[in-house]
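**Student:** Below, each chain spelled out in residue letters.
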Amino acid sequence: MSFKEVANHFKSILNLSDLSRDSLLKLANLYSKLYIALDGFWYVAVMERMGNDKALECDLTAWQYRVADEVEKLTGLLNIVGNGVSDVMKFFQVALWFQQMKYEIQLRHAKDAILTITHCPTLEALENEGQNRHIHICNVVDRQGFQRISNFFNPTINVECLTPLPRKHPSDTPCKWRFWLD
Amino acid sequence: MRDLRDYSGEFIPDLQLSDFSHATLVQILTLYSQLYIAMDGFWYLAVMEKYGNEEALACDMHAWERAAKYEMRRITEALNIKKRDVSSFMKAMQLTPWCQKMTYSMEIIDPDNAVFTVTYCPTLDALEKEGKGRQIPICAEIEPKILEWYAAFFNPEIKFEGLSPLPRKSKDDVCCKWSIYKKVDNLL
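Chains as they are written, first to last, in this note's numbering: chain A, 1 to 182; chain B, 183 to 370.
Misleading hints may appear alongside valid ones.
Said to hold, decoys possible - In silico SDA-like cross-links for lysine to any residue, where the CA-CA straight-line distance does not exceed 25 Å:
1) A:LYS26 x B:LYS364
2) B:LYS364 x B:ILE290
3) A:LYS4 x B:THR285
4) B:LYS265 x A:SER20
5) B:LYS265 x A:ASP18
6) A:LYS11 x B:SER270
7) A:LYS33 x A:ASP18
Since the hints were made in silico from the structure, they are not lab data.
Start from the sequences and build out the full structure, keeping to the hints where you can.
**Tutor:** See below:
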């Protein structure tokens with residue numbers, strides 16, 4: 001079913017398998033937006049009630065739980081079984097929150113990859129908000145997040161950010177990372 | 183379009199979700215729904231562990247007051263739903279991540295009257311297994327409030343009436359059952 005058919009014809013039980021490929025892809029894009037937004041609504045809820053330091057602390061804890069859960073479930077579903085740099089890159093490509101990013105992945109060789117984020121909606125929203133929350137989110141939450149994800153695949157994968165965090169100017173690349181094995 | 187069943191092969195630098203087969207996309211979307219629900223739960227747990235259940239509940243409500251409206255706005259935009267009646271609300275609900283992980287039925291009696299029955303709810307299932315009684319406030323207080331926020335996006339006059347005890351008394355019972363209707367002012 002297309003989205004138009006879903007809107008025009010009510011089905012008492014609607015299964016995802018009833019949807020066309022195009023509808024499923026649109027829904028994936030939509031769920032990615034909802035996921036990022038819900039994460040943000042939780043952050044703001046904690047921040048408004050208890051301040052930014054406590055919100056950041058809870059964000060890091062929630063991330064810690066999420067990374068293990070998401071990597072395990074997505075790699076399991078898609079049969080991503082390796083523990084190399086390219087397997088980490090595969091995970092990013094299919095991660096729910098990554099579907100809103102624009103990025104390039106350059107696999108230089110089996111043990112070395114460069115991930116360049118060229119559009120990050122969270123960073124844009126935080127820059128527009130103007131409260132400087134991106135200083136800690138980019139520098140602490142993202143840095144720890146990328147390292148944790150990589151460690152889940154292989155504790156010996158090194159992660160280094162090649163650009164300033166956060167970026168100095170909206171026209172700069174949001175961030176650029178190197179993942180490598182010695 | 184590569185029609186992939188999984189991603190066990192070589193790394194594909196320009197991989198898009200559209201490279202997966204229809205069946206795999208269904209599985210990915212089901213998992214995405216699960217991850218969405220789990221992320222909400224992880225935030226709740228993070229706040230609860232550090233600042234207690236009461237604070238976690240308060241933050242949950244605060245977050246969902248915004249999230250419910252946002253979900254409905256995005257879904258109605260995607261589906262191009264313009265009507266603001268109960269049946270349109272049910273259509274939008276069907277596309278929420280929550281409904282992908284629940285087992286439910288929806289009966290539309292007329293455009294402004296429906297019955298929504300949930301027979302499997304992963305959140306309730308997890309809370310019952312946890313055994314701390316957290317389903318008592320979550321089913322009886324939070325859920326009705328969140329459903330009202332969802333409905334208010336369509337029409338503040340859309341109301342919910344529980345047709346089953348909240349929380350359920352036994353695992354053999356339905357998780358919850360609701361009459362959803364638009365309140366009509368008594369003109370007499």
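**Student:** Take the hints in turn and mark each one as holding or not.
**Tutor:** Now for the hints, and whether the structure bears them out:
no.: 1; hint: A:LYS26 x B:LYS364; verdict: 30 Å, violated
no.: 2; hint: B:LYS364 x B:ILE290; verdict: 13 Å, holds
no.: 3; hint: A:LYS4 x B:THR285; verdict: 24 Å, holds
no.: 4; hint: B:LYS265 x A:SER20; verdict: 23 Å, holds
no.: 5; hint: B:LYS265 x A:ASP18; verdict: 23 Å, holds
no.: 6; hint: A:LYS11 x B:SER270; verdict: 12 Å, holds
no.: 7; hint: A:LYS33 x A:ASP18; verdict: 22 Å, holds
Violated hints amount to a single one, hint 1; each of the other numbered hints is respected by the structure.
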